[in-house]
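Trainee: Line by line, the protein sequences are chains A and B. Residues in the first sequence are numbered from 1 upward in steps of one, following our numbering. Residues in the second sequence are numbered from 1 upward in steps of one, following our numbering.
Heads up, some of the hints might be wrong.
As the list claims (entries may be wrong) - Pairs of lysine to aspartate or glutamate residues, derived as DMTMM-like cross-links and limited to a Cα-Cα distance of at most 25 Å, are as follows: (1) A:Lys-167 <-> B:Asp-109; (2) A:Lys-142 <-> B:Asp-133; (3) A:Lys-142 <-> B:Asp-60; (4) A:Lys-149 <-> B:Asp-133; (5) B:Lys-130 <-> B:Asp-60; (6) A:Lys-167 <-> B:Asp-133; (7) B:Lys-107 <-> A:Glu-138; (8) A:Lys-112 <-> B:Asp-104; (9) A:Lys-176 <-> A:Asp-62; (10) B:Lys-44 <-> A:Asp-151; (11) B:Lys-44 <-> A:Asp-152; (12) A:Lys-176 <-> B:Asp-60; (13) A:Lys-78 <-> A:Asp-151; (14) B:Lys-130 <-> A:Asp-165; (15) A:Lys-112 <-> B:Asp-133; (16) A:Lys-50 <-> A:Glu-92; (17) A:Lys-176 <-> A:Glu-138; (18) A:Lys-149 <-> B:Asp-109; (19) A:Lys-50 <-> A:Asp-62; (20) A:Lys-142 <-> B:Asp-83; (21) A:Lys-167 <-> A:Asp-109; (22) A:Lys-142 <-> B:Asp-73; (23) A:Lys-149 <-> A:Glu-120; (24) B:Lys-130 <-> A:Glu-138; (25) A:Lys-176 <-> A:Asp-109; (26) A:Lys-142 <-> B:Asp-104.
What the hints assert, rightly or not - Reference listing, derived: stretches of chain B covered by chain A, where coverage requires no fewer than 3 residues with Cβ under 8 Å from a Cβ of chain A: (27) 105-115; (28) 131-138; (29) 161-173.
Simulated from the structure, these hints should not be mistaken for laboratory data. Glycine included, every Cβ here is placed at the ideal spot set by N, Cα and C.
Here are the chains, one letter per residue:
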Amino acid sequence: MMKSFASKICLILGIQFVLFAGFLYWQRITPQRLAFTSVEASASVSSAIKPTRITIPSLAIDLPIFPAENTSGWQVHKNGVSYLSSSVVPGEKGNSILYGHNWPNLLGDLPKITPDSTIEITYSDGTKNVFVVSATQEVSPKDTSVLAKTDDQRVTLYTCTGFLDSKRFVAVAMLK
Amino acid sequence: MKQLILGIIVSIFLTSLSSHSAQSAYAVTVPQYPSCVAPSGLVKVSYPNGTHGIVGSSLDYTGSDTVYQINSDQVTQCFCPNDGNGGIQTNWLNTTGLSQEDIDVLKHDGWILIPNGTLWGLDEGSYLAKNIDFTCKGGTGSSNGQTQSASGSVLAGAIQALAGTGNTVIMITIFLIGLLLLSAAVALRKFQK
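Excised from the complex, chain A in its bound form (with noise of 0.2 Å):
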């Protein structure tokens, strides 16, 4: 009676983690499937000009791009790009950081993308800027340098890659 309990409960969680694991690979797959137009009416909270959309002709990318904090840790956006609100806009003066999840519907091509590509941001007021990539790297989660300010215009973009994760694709682009 007892083992036959015990043998319904293991089945039902079994089923249950099988169909989240199942359901967490849809999530990579699946292309634009969390586009809510509300997420990005919402994600304007300030009047200031922000990048509302990435697009990276040479990889067929094209995606929206959200405000993202690290106060208690990195928010990353599953349905799109996370532009870490900290870090000044992409064409000002500074290091512009952006990065999103390695999943084939958000960034996960970008370790194929080369110097010379072009990175097109499109802002709020529908204007446009045009960065040009400069060098890309297999770094370390640890090195923060790739953070760092700097006194060019420049969009640092990155993504995980490496086994299981463990290491992060960083592209470099400097504002044509």
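On the provided structure of chain A, position chain B as indicated by the hints.
Mentor: The following block gives chain B in isolation, referenced to the frame of chain A:
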């Protein structure tokens, strides 16, 4: 077939565990080096073009080369070839303060021991060096666009690490737990009979 699939899953899990424990076993803490995509430190030398040597290789490399002094013990060399492909970051670590055991561990981890740093334009003493690949924008004098030194201060206060932008580990772990629970359910049913 079921046993084969289960075996593969268990092997992946054990491999990830063993690699993690192997990393933990190393006692030597290597200081952090800035990436050549955002180098920091004092520019020691900078050549917009020329032929350069790379530690651990007997070949000549043509392109730009900038060397950054991070502190008295650490130097980073950023070499960018003219065609942009195959940029090499060489991290140099003065062995002063390292025991022979530390040096042996780092050599095992891919670092190369250079007995005389002056032959490479460094200060006197022996160094350990390690090469890391990166890509850069080639062309004479273009370097990687990084000959200026970054300020070194990190945005948004004391950020300890970059954001985790993948959930592969969580996904695999949840899947494995599910499989284990299902296996337990099957085993309990069989045992019951």
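Trainee: Quick one: which hint numbers does this structure break? Sort them smallest to largest.
Mentor: 3, 8, 12, 13, 18, 20 and 27
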